[in-house]
Amino acid sequence: INNLSKLLQYNLKFSKILTYSSKELAPGEKFENKGIAKIQDEMTECEKKIVAELVKKNLLNQDNYLLKDGSLQYKPMKSGDFRELSKIKSNYRCVIGLSKHFNPELSKDKSGKSNATKIAKLPLYHRTPAFMYQTDIVSTEVHF
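Sequential numbering from 1 applies to the sequence shown in the working numbering.
I should point out that these hints are in silico values taken from the structure, not numbers from a laboratory. Please note: incorrect hints may appear among the correct ones.
[Claimed, not checked] With a cut-off of at most 25 Å between alpha-carbon atoms, the simulated DMTMM-like pairs for lysine to aspartate or glutamate come out as follows:
1. Lys34 <-> Asp69
2. Lys6 <-> Glu32
3. Lys34 <-> Glu24
4. Lys34 <-> Glu47
[Claimed, not checked] For each label pair, taking beta carbons as the anchor points, the in silico distance ranges come out as:
5. Lys121 <-> Asn2: 26 to 32 Å
6. Asn61 <-> Ser21: 40 to 46 Å
7. Thr117 <-> Gln73: 21 to 27 Å
8. Lys121 <-> Lys6: 53 to 59 Å
9. Leu124 <-> Leu8: 54 to 60 Å
10. Leu4 <-> Asn58: 31 to 37 Å
11. His126 <-> Ala52: 37 to 43 Å
Backbone N, C-alpha and C define an ideal beta-carbon position, used for all residues, glycine too.
When you get a sec, could you build the whole thing from the sequences and use the hints?
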């Protein structure tokens, strides 16, 4: 593929090609979404490697945090090496995920009820763009 004339003309090269099954689509599924999911999985793996490298170089600690664009909530592991999961959790102790989109339905009060109505009724400039979200999907010790 790298020998195609158009790619050579613009000095472009592919270093990695991500593939996904194109045999059958589930009802409502689109090839576009399969491609996007594959790319997002690749990005997540790259992020994990970068964070691990920063930790290895002792660049992340109580005085030096990493602000990551987007959530730290990754797909749950269905199987695999759970020591690896523990290592990933440890690496992310000094990483903060910042999400640009906020779903108020995810925010709950102390009794577990949705805060969405209360948030919607707040006057202008009384909302804060930062909040802490906790999920049992990953661990009760991890907050988003």
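Taking the hints in turn, this is what the structure says about them:
1. Lys34 <-> Asp69: Given pair Lys34, Asp69 holds - Cα atoms ~22 Å apart, limit 25 Å.
2. Lys6 <-> Glu32: holds, 24 Å
3. Lys34 <-> Glu24: holds, 11 Å
4. Lys34 <-> Glu47: holds, 20 Å
5. Lys121 <-> Asn2: 26 to 32 Å: violated, 57 Å
6. Asn61 <-> Ser21: 40 to 46 Å: Because 42 Å falls inside the window, the suggested range holds.
7. Thr117 <-> Gln73: 21 to 27 Å: Since the Cβ atoms of Thr117 and Gln73 sit about 24 Å apart, the hinted range of 21 to 27 Å holds.
8. Lys121 <-> Lys6: 53 to 59 Å: Given about 55 Å between the Cβ atoms, the range holds.
9. Leu124 <-> Leu8: 54 to 60 Å: holds, 55 Å
10. Leu4 <-> Asn58: 31 to 37 Å: violated, 44 Å
11. His126 <-> Ala52: 37 to 43 Å: holds, 40 Å
The structure does not agree with the numbered hints 5, 10 stated previously, though it agrees with the rest.
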